[in-house]
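2 protein chains.
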Amino acid sequence: MTVIAASVDERLRLVKDAAREIGLLDSGRKSVLLHAISDALEASSTEIVAANALDLERGRHDAIGEALLDRLRLDEKRVSALAAAVRDVAGLPDPVGRVLDSRTLPNGLSLEKVAVPFGVVGSIYEARPNVTVDIASLALRSGNAVVLRGGSAAQSTNARLVQIMRDALASQGVSPEAIQSVDDFGRDGAKALMNARGLVDVLVPRGSAGLIETVVTESTVPVIETGAGVVHIYLDATARVDWAHDIVLNAKTQRPSVCNAVETVLVHRTAADRLLPELLASLDLAGVTVHGDDETRAHDSRVVPATDDDWSREYGTLDLAVRVVDDLDHALAHIRRYSTHHTESIITDDPEAADRFLAEVDSAVVLVNASTRFTDGGEFGFGAEVGISTQKLHARGPMGLAELTSTKWLGRGDGQVRA
Amino acid sequence: MTVIAASVDERLRLVKDAAREIGLLDSGRKSVLLHAISDALEASSTEIVAANALDLERGRHDAIGEALLDRLRLDEKRVSALAAAVRDVAGLPDPVGRVLDSRTLPNGLSLEKVAVPFGVVGSIYEARPNVTVDIASLALRSGNAVVLRGGSAAQSTNARLVQIMRDALASQGVSPEAIQSVDDFGRDGAKALMNARGLVDVLVPRGSAGLIETVVTESTVPVIETGAGVVHIYLDATARVDWAHDIVLNAKTQRPSVCNAVETVLVHRTAADRLLPELLASLDLAGVTVHGDDETRAHDSRVVPATDDDWSREYGTLDLAVRVVDDLDHALAHIRRYSTHHTESIITDDPEAADRFLAEVDSAVVLVNASTRFTDGGEFGFGAEVGISTQKLHARGPMGLAELTSTKWLGRGDGQVRA
Numbered sequence: 001m002t003v004i005a006a007s008v009d010e011r012l013r014l015v016k017d018a019a020r021e022i023g024l025l026d027s028g029r030k031s032v033l034l035h036a037i038s039d040a041l042e043a044s045s046t047e048i049v050a051a052n053a054l055d056l057e058r059g060r061h062d063a064i065g066e067a068l069l070d071r072l073r074l075d076e077k078r079v080s081a082l083a084a085a086v087r088d089v090a091g092l093p094d095p096v097g098r099v100l101d102s103r104t105l106p107n108g109l110s111l112e113k114v115a116v117p118f119g120v121v122g123s124i125y126e127a128r129p130n131v132t133v134d135i136a137s138l139a140l141r142s143g144n145a146v147v148l149r150g151g152s153a154a155q156s157t158n159a160r161l162v163q164i165m166r167d168a169l170a171s172q173g174v175s176p177e178a179i180q181s182v183d184d185f186g187r188d189g190a191k192a193l194m195n196a197r198g199l200v201d202v203l204v205p206r207g208s209a210g211l212i213e214t215v216v217t218e219s220t221v222p223v224i225e226t227g228a229g230v231v232h233i234y235l236d237a238t239a240r241v242d243w244a245h246d247i248v249l250n251a252k253t254q255r256p257s258v259c260n261a262v263e264t265v266l267v268h269r270t271a272a273d274r275l276l277p278e279l280l281a282s283l284d285l286a287g288v289t290v291h292g293d294d295e296t297r298a299h300d301s302r303v304v305p306a307t308d309d310d311w312s313r314e315y316g317t318l319d320l321a322v323r324v325v326d327d328l329d330h331a332l333a334h335i336r337r338y339s340t341h342h343t344e345s346i347i348t349d350d351p352e353a354a355d356r357f358l359a360e361v362d363s364a365v366v367l368v369n370a371s372t373r374f375t376d377g378g379e380f381g382f383g384a385e386v387g388i389s390t391q392k393l394h395a396r397g398p399m400g401l402a403e404l405t406s407t408k409w410l411g412r413g414d415g416q417v418r419a
Numbered sequence: 001m002t003v004i005a006a007s008v009d010e011r012l013r014l015v016k017d018a019a020r021e022i023g024l025l026d027s028g029r030k031s032v033l034l035h036a037i038s039d040a041l042e043a044s045s046t047e048i049v050a051a052n053a054l055d056l057e058r059g060r061h062d063a064i065g066e067a068l069l070d071r072l073r074l075d076e077k078r079v080s081a082l083a084a085a086v087r088d089v090a091g092l093p094d095p096v097g098r099v100l101d102s103r104t105l106p107n108g109l110s111l112e113k114v115a116v117p118f119g120v121v122g123s124i125y126e127a128r129p130n131v132t133v134d135i136a137s138l139a140l141r142s143g144n145a146v147v148l149r150g151g152s153a154a155q156s157t158n159a160r161l162v163q164i165m166r167d168a169l170a171s172q173g174v175s176p177e178a179i180q181s182v183d184d185f186g187r188d189g190a191k192a193l194m195n196a197r198g199l200v201d202v203l204v205p206r207g208s209a210g211l212i213e214t215v216v217t218e219s220t221v222p223v224i225e226t227g228a229g230v231v232h233i234y235l236d237a238t239a240r241v242d243w244a245h246d247i248v249l250n251a252k253t254q255r256p257s258v259c260n261a262v263e264t265v266l267v268h269r270t271a272a273d274r275l276l277p278e279l280l281a282s283l284d285l286a287g288v289t290v291h292g293d294d295e296t297r298a299h300d301s302r303v304v305p306a307t308d309d310d311w312s313r314e315y316g317t318l319d320l321a322v323r324v325v326d327d328l329d330h331a332l333a334h335i336r337r338y339s340t341h342h343t344e345s346i347i348t349d350d351p352e353a354a355d356r357f358l359a360e361v362d363s364a365v366v367l368v369n370a371s372t373r374f375t376d377g378g379e380f381g382f383g384a385e386v387g388i389s390t391q392k393l394h395a396r397g398p399m400g401l402a403e404l405t406s407t408k409w410l411g412r413g414d415g416q417v418r419a
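Note that the protein sequences, when read in sequence, are chains A and B.
Each residue of the first sequence is one higher than the last, beginning at 1 in this note's numbering.
Each residue of the second sequence is one higher than the last, beginning at 1 in this note's numbering.
If you are wondering where the hints come from, they were derived from the structure by calculation, not from laboratory data.
Heads up, a few of these hints could be off.
Copies of one chain are not kept apart here, so a pair can be met inside one copy or by any two copies together.
[Unchecked claim] Straight-line C-alpha distance at most 16 Å; calculated EDC-like pairs for lysine to aspartate or glutamate:
id, residue 1, residue 2
1, 77, 184
2, 77, 47
3, 191, 10
4, 77, 42
5, 113, 355
6, 113, 379
7, 113, 376
8, 191, 9
9, 113, 101
10, 16, 360
11, 77, 39
12, 191, 213
13, 191, 62
14, 191, 47
15, 77, 385
16, 113, 17
Please take these sequences and the hints and turn them into a complete structure.
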């Protein structure tokens, strides 16, 4: 039985109530729910694609552009992949109940710190409708209820996906209110979500830098900031030519639209002659437009002049800023100024430079001689990724299921009082 | 050399710069700094007490009341205790550098998740000037710089304490900017601190519920909510008379002003006749005013009538709300409605009731047959306490030094690129 909520606050209270039920389910039961959701998605493929067609049509009418249309699109194959991803999440270890610390006080009081669900996880996100299913399944696997606010471009698809998942919960005798959307409340839905302190336990925004900034500054609910990546690779004086070349090419061109793609390459002045000519030629061959400072441009006439703006841009495209720096200190100062604290990598054969870079760069992931594209929950072996946190509180870097749990101290005594 | 900051933002930038220096100090060096601070406090006892006398005089003039005056007061003995506490912090294990996770990817890329300092820890707090030294020493021990905004009632004392600590850092060749106060900027200082995203990494408010609420709702810097405690003890049907009696008396009267003191006792109806008469008599003897529902009042004529307000009050005094409930479900529902998610305890001989209470009560610390007064970093064996978090993000319950650290993934490769 689904209760129709008259107001967004009422709906949030329904989610909170449902969270109690979800939080007490054991691991096997949660797997069963996720398999039911996966099966339902697979079985409803045709209607999901039909709902998606409405969004695509509106998108085309609104001329949102081919890239956005592609993000929005769900065909039978993508729905099938979505259902498979939910099955994968069902198979992940349950993060709830892990004993993270334990101690017995001198008076015999025994204490255990255990992982518990947050309760209600909220997410505000943009175009891609697969986030709807991703976040819902990750939240359920970790014992949480979820309340979603998707992009208006995907509203028909999201409404369908949420309804299918809710029906799947109900078919298993679990309150469908554990998966909620506030899309139908428009901007008021997002606003209510950001101010639902006491009803929503944590809010994870996913999308553009603008969206994340809005949520971070306006929300009174605790937020985990994700995603923005002005990512740097620094080619040190001793960088190997082949590693420098292959890593920069990989980090820029393998998938330029994602947050762990490199946006700025810094080159030690004494290595510029050795590294830049071949690197710039390969980047050009790969279709990359290089925005360089004067010294970089001296190596290749195809390099366009970089403006100050380029150092802080997250292109998300086949564009790359390149700057020649005096030394490691200069590189560190540049990174300090422009980095969004996501991922940076140094290419070097000098262990001291590597250690300084690891110690002094203040980012979620700091690498030596490896592509920045490895900052990813899947690559790290988490089995799933909630997002990549660029803040320091609670979670930093790729977030797996464990990051969707809080903790609780449980104490068992036999009459202890404090002296 | 101390730079004089013209604006609060400029001062915050100085703290951020100093945080880099502090973050790279090894454990031994940080201990030396803390010992220098401790020695300086001891040596400056007379001038601290003199500065404190100015605050006390102003407090008396403003008629702030004897309880607040006592919180504000620093005599030679209290200064000595403060210096000793700093020495204790110097002896605590350094939380920085702990390896919290590690993995090697199939391609050979080796990853380590290590504990790192937050960077800049901010605190906004009220009357007690010892918080100034507590927070500064805990921040330093965990490799953080600190920016403080104390209560205006303690401004002369705090200014003196901050100056002494800064001079101690400078005497050791470390930037004094690592310990900063924005007290002299008045309300603008607090406001700047709450909006210093990018300069301040985490904000820990300590003080009244009103102060914490303001910081939580107004801050764009991530906040750790601490302290408010509407704490419950539930006396179950099978509660032992002696444990029920001793635990409630201890939890209410041992130190009524603190956040882990009990504020509401719930009694299972079938146990009321067995437990209440002796308990109410002892509470009366101990000077406790009991605010009870009708059934409680039927047991003792000295019980005053409870209003709905009483269930959500954090008295902080020798007052206690007592309510008779139908059963465990009723108790859980009451706690759900009125608890501030700090600490609750059940007194019972029924293992099933104990397990349900532990599983279903959504608080930082949930106890069976023990006094709520144990929710304390010192009691838990942390050696120090930053505060007691009542939120679910990052830290929950008593916070030790580990909770003043974030994490960073360090990766070492040899040319790995993503396939």
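Comparing the hints with the structure gives:
1. Taking the shortest alpha-carbon separations for residue 77 and residue 184, neither the intra-copy value of 28 Å nor the inter-copy value of 63 Å comes in at or below 16 Å.
2. Proximity of residue 77 to residue 47 under the C-alpha cut-off of 16 Å is restricted to the intra-copy arrangement: shortest distance 14 Å within a copy versus 76 Å between copies.
3. Only within a single protomer do residue 191 and residue 10 lie at most 16 Å apart by alpha-carbon distance; the minimum there is 14 Å, versus 33 Å between protomers.
4. Only within a single protomer do residue 77 and residue 42 lie at most 16 Å apart by alpha-carbon distance; the minimum there is 10 Å, versus 72 Å between protomers.
5. In this assembly of identical chains, residue 113 and residue 355 lie within 16 Å of each other by CA distance solely across copies; the values are 15 Å between and 34 Å within a copy.
6. For a Cα distance limit of 16 Å, the shortest separation of residue 113 from residue 379 across copies, 15 Å, qualifies, whereas the shortest one inside one copy, 29 Å, does not.
7. Taking the shortest Cα distances, residue 113 and residue 376 sit within 16 Å of each other only across copies (14 Å), while inside one copy they are farther apart (28 Å).
8. Taking the shortest Cα distances, residue 191 and residue 9 sit within 16 Å of each other inside one copy (11 Å), while across copies they are farther apart (29 Å).
9. Taking the shortest alpha-carbon separations for residue 113 and residue 101, only the intra-copy value of 5 Å comes in at or below 16 Å, while the best inter-copy value is 18 Å.
10. Taking the shortest Cα distances, residue 16 and residue 360 sit within 16 Å of each other only across copies (13 Å), while inside one copy they are farther apart (42 Å).
11. Within a single copy, residue 77 and residue 39 get their C-alpha atoms as close as 14 Å, which meets the 16 Å cut-off; across copies the closest is 70 Å, which misses it.
12. Taking the closest pair of Cα atoms, residue 191 and residue 213 come within 16 Å of each other only inside a single copy of the chain (14 Å); across copies the shortest separation is 19 Å, beyond that limit.
13. Proximity of residue 191 and residue 62 under a CA criterion of 16 Å is satisfied in neither setting, with 25 Å inside one chain copy and 42 Å between copies.
14. In this homomeric assembly, residue 191 and residue 47 never come within 16 Å of each other (Cα to Cα): the closest approach is 30 Å inside a single copy and 51 Å across copies.
15. For the identical chains of this complex, residue 77 and residue 385 are neighbours neither inside a copy (21 Å) nor across copies (54 Å), given an alpha-carbon limit of 16 Å.
16. Taking identical chains as interchangeable, the C-alpha atoms of residue 113 and residue 17 are never at most 16 Å apart, the minima being 24 Å within one chain and 36 Å between chains.
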